[in-house]
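K.L.:
Residue-level listing of the chains:
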Amino acid sequence: MKVMTLNFLTCAVKNCKSSNDSFPLHPKEAELAKDDIEINPQLLINVLPRIDWAALRTTSTELGFPTLPEQPPSPEDLQSDEALLKELHELLMETQMMEGKLVCGHCGHEYAVKNGVANFLLPSHLV
Amino acid sequence: MLPTPDTSHVPYNRVYEPAEDSFLLLDTLSSPSETAFLSSRFCSTSPSSPSPPNFGAPLVLEVGPGSGVVIAFLTAHASTIFGTPHVLTTAIDVSPFACAATNLTVRKAVSEAEAEAEAENPSTSGQWTSAIQGDLVSPLRPGSVDVLVFNPPYVPTPGLPAPPPAPLQELRDKTTFEEDSHLLELTYAGGKDGMETTDRLIDALPGVLSERGVAYILLCAQNKPEDVKGRIRSMGTGTGEGEGWKAETVGTSGKQAGWEKLQIVRVWR
Numbered sequence: 000m001k002v003m004t005l006n007f008l009t010c011a012v013k014n015c016k017s018s019n020d021s022f023p024l025h026p027k028e029a030e031l032a033k034d035d036i037e038i039n040p041q042l043l044i045n046v047l048p049r050i051d052w053a054a055l056r057t058t059s060t061e062l063g064f065p066t067l068p069e070q071p072p073s074p075e076d077l078q079s080d081e082a083l084l085k086e087l088h089e090l091l092m093e094t095q096m097m098e099g100k101l102v103c104g105h106c107g108h109e110y111a112v113k114n115g116v117a118n119f120l121l122p123s124h125l126v
Numbered sequence: 000m001l002p003t004p005d006t007s008h009v010p011y012n013r014v015y016e017p018a019e020d021s022f023l024l025l026d027t028l029s030s031p032s033e034t035a036f037l038s039s040r041f042c043s044t045s046p047s048s049p050s051p052p053n054f055g056a057p058l059v060l061e062v063g064p065g066s067g068v069v070i071a072f073l074t075a076h077a078s079t080i081f082g083t084p085h086v087l088t089t090a091i092d093v094s095p096f097a098c099a100a101t102n103l104t105v106r107k108a109v110s111e112a113e114a115e116a117e118a119e120n121p122s123t124s125g126q127w128t129s130a131i132q133g134d135l136v137s138p139l140r141p142g143s144v145d146v147l148v149f150n151p152p153y154v155p156t157p158g159l160p161a162p163p164p165a166p167l168q169e170l171r172d173k174t175t176f177e178e179d180s181h182l183l184e185l186t187y188a189g190g191k192d193g194m195e196t197t198d199r200l201i202d203a204l205p206g207v208l209s210e211r212g213v214a215y216i217l218l219c220a221q222n223k224p225e226d227v228k229g230r231i232r233s234m235g236t237g238t239g240e241g242e243g244w245k246a247e248t249v250g251t252s253g254k255q256a257g258w259e260k261l262q263i264v265r266v267w268r
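Chain order of the listed sequences is A and B. Under numbering that gives the first Met the number 0, think of the first position of the first sequence as 0, with each following residue one higher. Under numbering that gives the first Met the number 0, think of the first position of the second sequence as 0, with each following residue one higher.
Chain A on its own, in the form it takes in the complex:
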């Protein structure tokens, strides 16, 4: 599961949807893998507008990646800042979470990640 996926996943428990604490989910005991993908600046520029930057900063820090700048870069920033471009490419496109857990900051429910697939099926008492 690409780390980018965490930017559009939230807790599956209905009552958590309205809480700010349910997003982003917090990786725990994460085992990461890295795909080798050719860097594509135009793709990153097009992906960036749909990224929740504050959530991505949180995810980046929690996975032990460098701290991202406070404000999202503009397309011009990205084109001129090769280091940041590389960092974002590695984090969003190349990094996969293979094993571990995703924890909801609101209800504390832990979703298991196995073989790169996160399981969001809820036990019957939470449905």
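Hints are computed from structural coordinates only; laboratory data are not their basis. Incorrect hints may have been included.
[To be verified] A short, non-exhaustive set of chain A residues, derived as facing chain B with CB atoms under 7 Å:
{"#": "1", "residue": "M0"}
{"#": "2", "residue": "A11"}
{"#": "3", "residue": "N14"}
{"#": "4", "residue": "I38"}
{"#": "5", "residue": "V46"}
{"#": "6", "residue": "W52"}
{"#": "7", "residue": "A53"}
{"#": "8", "residue": "A82"}
{"#": "9", "residue": "L84"}
[Said to hold, decoys possible] These stretches of chain B come out as covered by chain A in the derived footprint (C-beta under 8 Å, 3 or more residues):
{"#": "10", "segment": "30-37"}
{"#": "11", "segment": "98-107"}
{"#": "12", "segment": "154-168"}
{"#": "13", "segment": "185-193"}
Glycine is no exception: its CB is placed at the ideal position from the N, C-alpha and C atoms.
Given the coordinates of chain A, assemble chain B onto it according to the supplied hints.
P.N.:
This is chain B only, laid out in the frame that chain A set:
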């Protein structure tokens, strides 16, 4: 014609095998009218207009991908279908076997398409993120999906099968005949009018689709498609103002009055 993704690795004893319904989705989504619609909606960035409103790369989701043949097709041929390779694709399925099969089907289809295209253009495929195990769209943030594709369990049945119990939520080499039957039942059994699961998905559309979001839902004749479209058109917009929901049939198969005459309904606002 665009090549159909290879699904020869998929265990059909517990994952739905691509069939007429899957192929109707492939044909419809790659038809000239739908690619024109999708391209105009999601690829507004033309060189002549330097700063159009940029919502970013669309997120394409298939719910219940099974073998993954449809989402692999959409990912591998993103440039042809959406007018841009800059799309993100994902899928959600209750079955761990379907999730694993889908991940592999997409990866195979993308590397095949890339190998084919290498000479002229290295990136005609979209970006696959991963299959996610879950119930319909429940793991997704509100308003996050731009294109949703659903080939539901649409066969009318006396009841709905139970969701997979914990032991069936994990990948295993060996499953019993009963477990395989349960997983296959989940792929087709639709309950009353074959609509119980589809109705839940339709109810979730206003919440999960983005402002520019569009859904493609497959229905069979017994689902009472005209009633379904009427119900969608009368849904609230969620924003109170603005345009309401539209629902139109954009693809059909089985012209004779068979009980499984299929159609694809496009839903958007």
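K.L.:
Given a cut of 7 Å on the nearest C-beta pair, is the interface hint for W52 (chain A) held or broken against chain B?
P.N.:
violated, 12 Å
K.L.:
Given a cut of 7 Å on the nearest C-beta pair, is the interface hint for A11 (chain A) held or broken against chain B?
P.N.:
Holds: closest Cβ of chain B sits about 4 Å from A11 (chain A), inside 7 Å.
K.L.:
Hold the hint about V46 (chain A) up to the distance rule: shortest CB distance to chain B must be less than 7 Å.
P.N.:
holds, 5 Å
K.L.:
Closer than 8 Å Cβ to Cβ for three or more residues is the test here. Does the segment 30-37 of chain B pass it with chain A?
P.N.:
violated (count 0)
K.L.:
May I ask you to test the interface hint for A53 (chain A) with respect to chain B, counting a Cβ-Cβ separation under 7 Å as satisfied?
P.N.:
Result: violated, 13 Å to nearest chain B Cβ.
K.L.:
Does the CB of L84 (chain A) sit less than 7 Å away from some CB of chain B?
P.N.:
It is violated, given that the least Cβ distance between L84 (chain A) and chain B is near 16 Å, above 7 Å.
K.L.:
So, N14 (chain A) near chain B? Judge it on the closest CB pair being under 7 Å.
P.N.:
violated, 12 Å
K.L.:
Is the interface hint satisfied for M0 (chain A)? The criterion is a beta-carbon contact with chain B at less than 7 Å.
P.N.:
holds, 4 Å
K.L.:
Does A82 (chain A) pass the interface hint, meaning its C-beta sits closer than 7 Å to a C-beta of chain B?
P.N.:
violated, 22 Å
K.L.:
Closer than 8 Å Cβ to Cβ for three or more residues is the test here. Does the segment 154-168 of chain B pass it with chain A?
P.N.:
holds (count 4)
K.L.:
Is the coverage entry for the segment 98-107 of chain B by chain A consistent with the three-residue Cβ rule at 8 Å?
P.N.:
holds (count 3)
K.L.:
Are there at least three residues in the segment 185-193 of chain B whose beta carbon sits under 8 Å from a beta carbon of chain A?
P.N.:
violated (count 0)
The structure does not agree with the numbered hints 3, 4, 6, 7, 8, 9, 10 and 13 stated previously, though it agrees with the rest.
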